[in-house]
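Let the sequences and hints guide you as you build the complete structure.
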Amino acid sequence: MIQLKVNGVQRSFDGEPDMPLLWYLRDLLALTGTKFGCGMALCGACTVHQNGKAIRSCITTMQRAAGSEIRTIEDLSSNGLHPVQKSWMEVNVPQCGYCQSGQIMQAASLLKEKQKPTDEDIDDVMSGNICRCGTYQRIRAAIKAAAGERA
Amino acid sequence: MNNITNVSRRGFLQGVLSTGAFVLSVRLVPEVLWAADAPSGSRADQSALHPSVYLGVDNDGTVYIVAHRSEMGTTSRTSLPLVLAEELDADWSRVRVQQAIGDPRYGSQDTDGSHSIRDFYQPMREAGASARLMLVRAAAQQWGVPEAECVTEPHLVVHKATGKKAGFGELAAAAAQLPVPKKDELKFKPPSAWRYVGKGHGSYDLEDICTGKAKFGMDARIDGMVYASIEHPPVLGAKVKSFDDKAPLQVKGVSQTIVIDTFTPPHHFQPLGGIAVIADNTWSAMKGRKRLKAVWDNGPHAVYNSAEFKKELQATARKPGKAARNQGDVDAVFVQGGKVIEAEYYTPHLAHASMEPPVALADYRDGKVEVWASTQNPQAVQETLAQKLGIPKEAVTCHVPLLGGGFGRKSKPDYCAEAAILSKKVGRPVKVVWSREDDIRFDYYHTVSAMYMKAALGADGLPTAWLQRSVFPSIGSTFDVNGTAAGAGELQQGWTDLPFNVPNLRAENSGAAAHVRIGWLRSVANIYHAFAAQSFADECAHAAGRDSLEYLLALVGPARIIDVKKSAPDYPNYGGSLEDYPIDTARYRHVIELAAEKSGWGKQKLGKGQGMGIAVHRSFLTYVATVVQVEVSDQGELRIPRVDTAVDAGLVINPEATRNQFEGAAVFGTSLARFGEITATNGVVDQSNFDTYPVSRMNEAPYQTNVYIVQSSAPPAGVGEPGVPPFAPALCNAIFAATGKRVRELPLSRIKLA
Chain A
1 MIQLKVNGVQ RSFDGEPDMP LLWYLRDLLA LTGTKFGCGM ALCGACTVHQ
51 NGKAIRSCIT TMQRAAGSEI RTIEDLSSNG LHPVQKSWME VNVPQCGYCQ
101 SGQIMQAASL LKEKQKPTDE DIDDVMSGNI CRCGTYQRIR AAIKAAAGER
151 A
Chain B
1 MNNITNVSRR GFLQGVLSTG AFVLSVRLVP EVLWAADAPS GSRADQSALH
51 PSVYLGVDND GTVYIVAHRS EMGTTSRTSL PLVLAEELDA DWSRVRVQQA
101 IGDPRYGSQD TDGSHSIRDF YQPMREAGAS ARLMLVRAAA QQWGVPEAEC
151 VTEPHLVVHK ATGKKAGFGE LAAAAAQLPV PKKDELKFKP PSAWRYVGKG
201 HGSYDLEDIC TGKAKFGMDA RIDGMVYASI EHPPVLGAKV KSFDDKAPLQ
251 VKGVSQTIVI DTFTPPHHFQ PLGGIAVIAD NTWSAMKGRK RLKAVWDNGP
301 HAVYNSAEFK KELQATARKP GKAARNQGDV DAVFVQGGKV IEAEYYTPHL
351 AHASMEPPVA LADYRDGKVE VWASTQNPQA VQETLAQKLG IPKEAVTCHV
401 PLLGGGFGRK SKPDYCAEAA ILSKKVGRPV KVVWSREDDI RFDYYHTVSA
451 MYMKAALGAD GLPTAWLQRS VFPSIGSTFD VNGTAAGAGE LQQGWTDLPF
501 NVPNLRAENS GAAAHVRIGW LRSVANIYHA FAAQSFADEC AHAAGRDSLE
551 YLLALVGPAR IIDVKKSAPD YPNYGGSLED YPIDTARYRH VIELAAEKSG
601 WGKQKLGKGQ GMGIAVHRSF LTYVATVVQV EVSDQGELRI PRVDTAVDAG
651 LVINPEATRN QFEGAAVFGT SLARFGEITA TNGVVDQSNF DTYPVSRMNE
701 APYQTNVYIV QSSAPPAGVG EPGVPPFAPA LCNAIFAATG KRVRELPLSR
751 IKLA
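Listed in order, the protein sequences are those of chains A and B. Counting along the first sequence from 1, when you hit position 121 you're at 121 in the working numbering, and nothing is skipped either side. Counting along the second sequence from 1, when you hit position 633 you're at 633 in the working numbering, and nothing is skipped either side.
These aren't lab readings, by the way, just hints derived from the structure by calculation. A quick note: this is a predicted structure, and the numbers were derived from the prediction, not measured. Keep in mind that the hints are not guaranteed to be accurate.
Said to hold, decoys possible - Output of the computed footprint for chain B on chain A, the stretches with three or more beta carbons under 8 Å from beta carbons of chain B:
1) 66 to 80
2) 85 to 91
3) 100 to 113
All C-beta atoms, glycine included, are put in the ideal place defined by N, C-alpha and C.
Below is the structure:
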């Protein structure tokens with residue numbers, strides 16, 4: 001029996017321990033804000049926080065998620081919108097929107113570690129998250145806006 | 001235990017997919033209001049496009065506007081309702097957008113070809129203006145004042161002289177009793193009174209997207225559903241010889257395997273065939289499928305090898321083809337000799353690779369099927385499923401959640417048919433989830449193409465003759481086993497519509513066999529045609545020793561309307577009339593000059609390894625010029641610090657969304673130019689995920705793309721696709737300026753720039 005916390009709720013799981021966290025979240029808990037994009041940690045659409053750090057849930061097995069605290073886009077902020085979500089809306093980042101949960105989770109994690117990220121910091125951390133619609137310029141602007149320096 | 005949270009069917013529908021709202025909008029729209037506007041024999045053609053089932057006004061003042069086109073990121077689900085809200089004079093904060101199911105009464109719902117706004121701007125205006133006029137008439141009757149003295153303010157009818165006011169909700173029931181205004185009675189707002197059109201609005205779904213609440217096709221769930229992962233035939237048309245499913249069936253959660261028959265050619269939108277693994281969650285289905293052992297009879301397309309095929313295409317391009325446009329006599333000029341230059345270009349197959357792979361959920365029961373699908377074309381879902389299941393298309397209900405990208409892939413509902421076939425066989429709702437590998441290996445690919453270009457340059461360096469030949473497997477092959485010849489729809493895209501002022505000009509094409517499924521991809525044939533024509537224009541400029549910008553303007557020539565039908569009688573102009581949408585070189589010139597001026601063309605001192613390139617292209621009736629600036633390091637590393645794009649799309653409804661489309665097009669163009677390549681070996685596609693089919697990441701994309709929208713009152717044209725075609729040639733022209741290396745084949749990843 002695998003125990004873990006998801007968005008503050010204690011959960012137990014007795015399925016296949018090699019099931020990626022992504023499918024547990026999506027299919028079993030119906031937390032569909034976290035997206036499937038590649039299954040190989042190549043695109044970042046499945047990004048969630050494990051103990052506060054951004055991880056790729058598509059390659060994180062339930063075994064490796066055991067005992068940890070998982071946070072998904074649905075619970076990024078417990079009171080209203082997270083600053084990253086606000087700046088995402090101000091800058092009108094999304095086009096189709098499918099990758100944006102992962103982008104937002106990754107950006108929130110970046111800003112937690114670096115309050116004023118440089119362009120290079122942003123490139124380093126965000127280049128693991130693909131946006132096929134090509135909203136990178138707005139993602140960069142939104143991260144800077146959330147960091148308090150208007151782009 | 002597996003604690004499966006049930007999201008009830010009812011909850012899902014009401015919360016997300018709005019069949020309830022659809023019914024609501026019909027109920028709330030007073031029957032009589034729209035009865036006269038329903039399709040009828042006398043107005044059938046017109047009514048098919050604007051059946052006016054787009055709007056409902058509730059007694060509480062809520063305005064329901066139906067979005068009948070698929071939302072895949074272009075924001076048409078917001079922009080079209082905004083047009084209606086404008087003419088209704090509705091308060092946008094009181095508008096609820098409801099997504100339509102597939103139904104011909106909305107007119108075309110095939111969301112491709114960049115024509116949502118172009119085709120539905122006017123019907124939306126009429127629907128809004130009709131309702132506004134009826135609300136005004138209802139108020140005037142109630143107050144006993146002349147209709148002409150009543151005006152609207154957002155969500156209100158006002159009679160200024162008496163100070164009387166009434167909300168739309170209060171008036172809805174009375175308005176419903178009135179006859180529908182005739183079209184010639186409608187008055188549209190003057191542009192000066194517009195609150196939304198031309199100003200735009202953020203996506204209706206913005207907050208839901210940013211909070212993970214938005215529901216995409218991938219997120220569809222209903223009670224009792226199971227999941228399927230399908231092992232598709234490795235080669236197009238291959239059939240299952242035998243398979244062993246012992247190992248898959250041992251995977252926890254896997255319940256059964258089902259064979260889906262390989263299609264009978266032409267493949268059209270039919271499923272490819274294969275072996276489906278059914279399980280109670282996506283992961284188990286995928287895991288089971290990996291353990292499947294299948295033996296295939298690969299069939300005739302196993303001969304497809306990209307390296308050899310490329311040589312065949314190039315050989316064909318060197319030989320005369322069929323003239324799709326011919327003016328003057330190019331051969332007579334070429335035999336005179338003089339300065340003649342030739343060049344060959346090549347672009348490979350591309351995959352769409354939308355972030356959400358193809359996905360569909362279907363529930364078949366009692367001769368009916370309900371589908372929730374990421375589809376650009378819900379009516380094609382109805383038609384395809386009806387055919388495959390042998391039921392009437394009215395028995396197919398297709399819901400359209402948000403699409404996680406489409407780019408043309410999701411116009412083809414093969415995966416929706418898979419879900420429906422499986423649901424019928426399993427006896428439960430089945431959700432088919434394509435893996436990324438499925439998506440890249442079994443796409444309807446953008447075609448592979450070879451181009452041959454030849455020009456004779458006069459004393460001033462400008463061409464006196466211009467010959468261009470393209471060769472590519474046609475999209476027609478998807479619908480016709482003998483469909484090797486390119487269609488007029490493909491040839492119009494940057495080939496027969498060439499705007500250059502050259503007296504002798506011929507555009508030729510030769511057919512080629514297709515060995516994979518060929519389909520539309522964002523801007524389609526414009527990609528390779530613009531790459532060849534705009535790169536070759538730059539080659540001519542260089543040969544003439546002239547500045548690329550100045551030469552391009554000279555090549556486009558003086559402001560004039562090009563009478564393309566004279567030399568290309570089949571030219572379809574994207575379905576738009578040449579009166580409304582002429583080929584206007586003044587508009588070409590304007591976007592070239594605007595992009596060049598904003599980019600600082602010729603005014604900046606560029607350092608070593610830096611360069612600027614320009615290209616112009618009209619597609620989907622929109623004119624776009626793009627200047628790309630590059631830096632190429634001594635090691636050959638490419639950076640794109642800046643892009644300047646000027647856009648003349650006629651009237652633009654939503655400028656912010658439009659800018660977003662063109663910023664995105666620069667990234668899409670970067671992806672295809674730098675990395676995009678699908679190849680096949682013995683009929684099997686070599687690429688499978690983002691490691692072997694890379695697309696631009698943030699650090700590879702343009703750093704800054706500036707978009708300049710030309711203010712225009714010309715009829716609206718497309719914005720989703722037209723940003724893509726000029727990008728690759730502008731980029732490669734910039735690389736030439738920076739390095740002296742002329743790029744004639746894509747992708748750049750195959751070329752050493754240092």
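### Query
Checked against the structure, which of the hints given earlier come out wrong?
Violated hints: none at all, because every hint is consistent with the structure.
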